[in-house]
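Undergrad: If you read the protein sequences in the order shown, they are chains A and B. Mapping of the first sequence onto the numbering used here: residues 1 to 411, in sequence order. Mapping of the second sequence onto the numbering used here: residues 1 to 232, in sequence order.
Since the hints were derived computationally from the structure, they do not count as laboratory data.
In silico contact screen, one side only, chain B against chain A (beta carbon under 7 Å); selected entries: (1) Y53; (2) D79; (3) A82; (4) R85; (5) S86; (6) Y97; (7) L99; (8) E101; (9) P111.
Just so you know, these numbers come straight off a predicted model, no measurement behind them. Backbone N, C-alpha and C define an ideal beta-carbon position, used for all residues, glycine too.
Residues per chain, in single letters:
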Amino acid sequence: MKLKVNTDIALTHLFTGKKQAMVAALGVTVGIGIFIFMISLVVGFNRYSDESLFKAVPHIRIYQDDILSRPLIPHIDSGYLTAIINPKIANLTNTLINPEKIIIDLKKHQDVVNIAPQVSVNLFYNNGTSQINGVASGVNIIEANAMFNIESTMLAGDIQNLLTTPNGIMIGVGIADQLNIQVDDNINVTSSIGVIKTMKVIGIFQTNNSIIDKTKSYMNLPTGQQLLLESPSYVTDIFVNIKDPDKAPEYTTRFGKLTGYKAEDWQSANNQTMAQNKTRKVMFGSISIAILLVAAFGIYNIMNMTIRGKLNDIAILKATGFKGKDVISIFLIETLIMGFMGTLMGLLLASGLIKVVSSIYIGGDRDYFPIGFELPVFIIGSIVGILITLVAGYLPAHSAARVDPIEIFRK
Amino acid sequence: MENEIILSTNLINKYFYEPVKFKALDNISFEVSEGEFVTLIGKSGCGKSTLLYILSTMDTDYEGKLFIAGEQITGQKSDSLAEIRSRSIGFVFQFHYLLPEFTCLKNVMIPALKLGRHSHDEIEAQAYAKLELLGIKDQALKPASKLSGGQQQRVAIARALINDPKIIMCDEPTGNLDSKNTTIVLETFHQLATQFGQTIITVTHDNDFAKASDRIIEMADGKVINHTSNTQ
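Assemble the whole structure, with the sequences as input and the hints as a guide.
TA: Okay, structure coming up:
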């Protein structure tokens, strides 16, 4: 009953001051609309950049880290200090010992989605006299495709052919252009230890990362091992994808302990991308907060004006037995209704903007602008919309509650 | 007629500080019994409105003590004062003071809805009854701002009556009314005082109106200078 009177009064105020209420609500609409749109833009763009990153980079990479040589006799006597001057890297080999066991151990982990062992080979691609240096990944193409979605980057050829062609190779489009090579042509490769092989190009891919496109190639795991003159158990890296890529850093120490090798998450391997993402977040975040602040000030202003115009009414209400908190609740209900309507329209505005922008053609591998309807962003936007109207409405309502009726009546 | 004391003041002093310190009320002590119809008269600036605001519990900035229905009002918090006003005081202001966005009926109903003693339908029926008492039932559904000054004044009186308060306080209730309507208001007040035992305290400039009340308290320069009983 008590709440009903206050709501009734608030609604009557809103209906008699429709125009002002609309203006205040529109302020929120624009604020929330732009806020959601901007954040969706950032989320969409970051996801896009992560997606294109994950076409070449695994969530976690497990490999043999370089180890510096250490003294054989650690400590003779307290009077002596054993040291090696100018120590060298002392790895005998880059291989991971018993990779099958590591893979089985990792597969037991429920958050692990994909595992792909590989041999990375530094090599030269030759055609006639032109030569390009690059890196080949010796992989099981089925596993690698599951992880990097290589199929989606293929310009020509079919990845399945790699399974039936032992000396097959898939090269980046940059290499193909520079060496003037097409699918089914032959290519000579020379590995870093001088092994030369003639291979058959069975596919050309394009990742839109020009460095990768100009250096990278895929071949079968045994071919990679042969190029390094190594045994079939030789594996330099194990790539692991997990369910939530953002949690990769939490797993690195765990996987490091499990395997006994160095595990590196994609975030620390790609500092620059992470920094770019963060910059985007901060930039768009501060712009949208500025817009929200303007919207909040709009509401604050209009409520202040409304209350100044209603000093008489407030005095009457207080004289007839309304408490300070009743006055606060009347004006808070008013702002909340305005904020609620404004937020609702803001959601529509944001949806419209997203719809329009997502149909802008940008070309590249994504075709259309990377933006989508992000439910969490919409939810956060609604909460923020209601919150700022609450804060912006509370201050004027509080001052209304402190109106002294006597001062009004005396005038 | 030995009725209970409903309202009493004990040595009330009030100062104004703007523009210079000035004693507006000087040792005001008096008592009002239940069912009494009291008028406060005096020249402009003698402090009668100031006194009325203190009696109404809205003004809390004074020295001395105020009791209503045996309860000490002085020193209570503003929320409990609001409750006391809601429950036991009806107020009619000098310049009608209705809420312009609402209908007359709603204006009368709002204090009762706030108090929440009755259901919405009961309150509506009561509000119609009060408006009828003051002869403006036909205006009930008009917005308050569309009424003439005299009509608004009567709506305001109807609003003051809606919660059947123990005390009704009026600041120039007949200031806007012609003689016919003034008579209606006077008769209503007498009826309320005698039949329902409601106490009425009114500030007025109208000497005829004052003479029709039970008791006249005359003020000058912040002091009570004369009590005149009109009991025949």
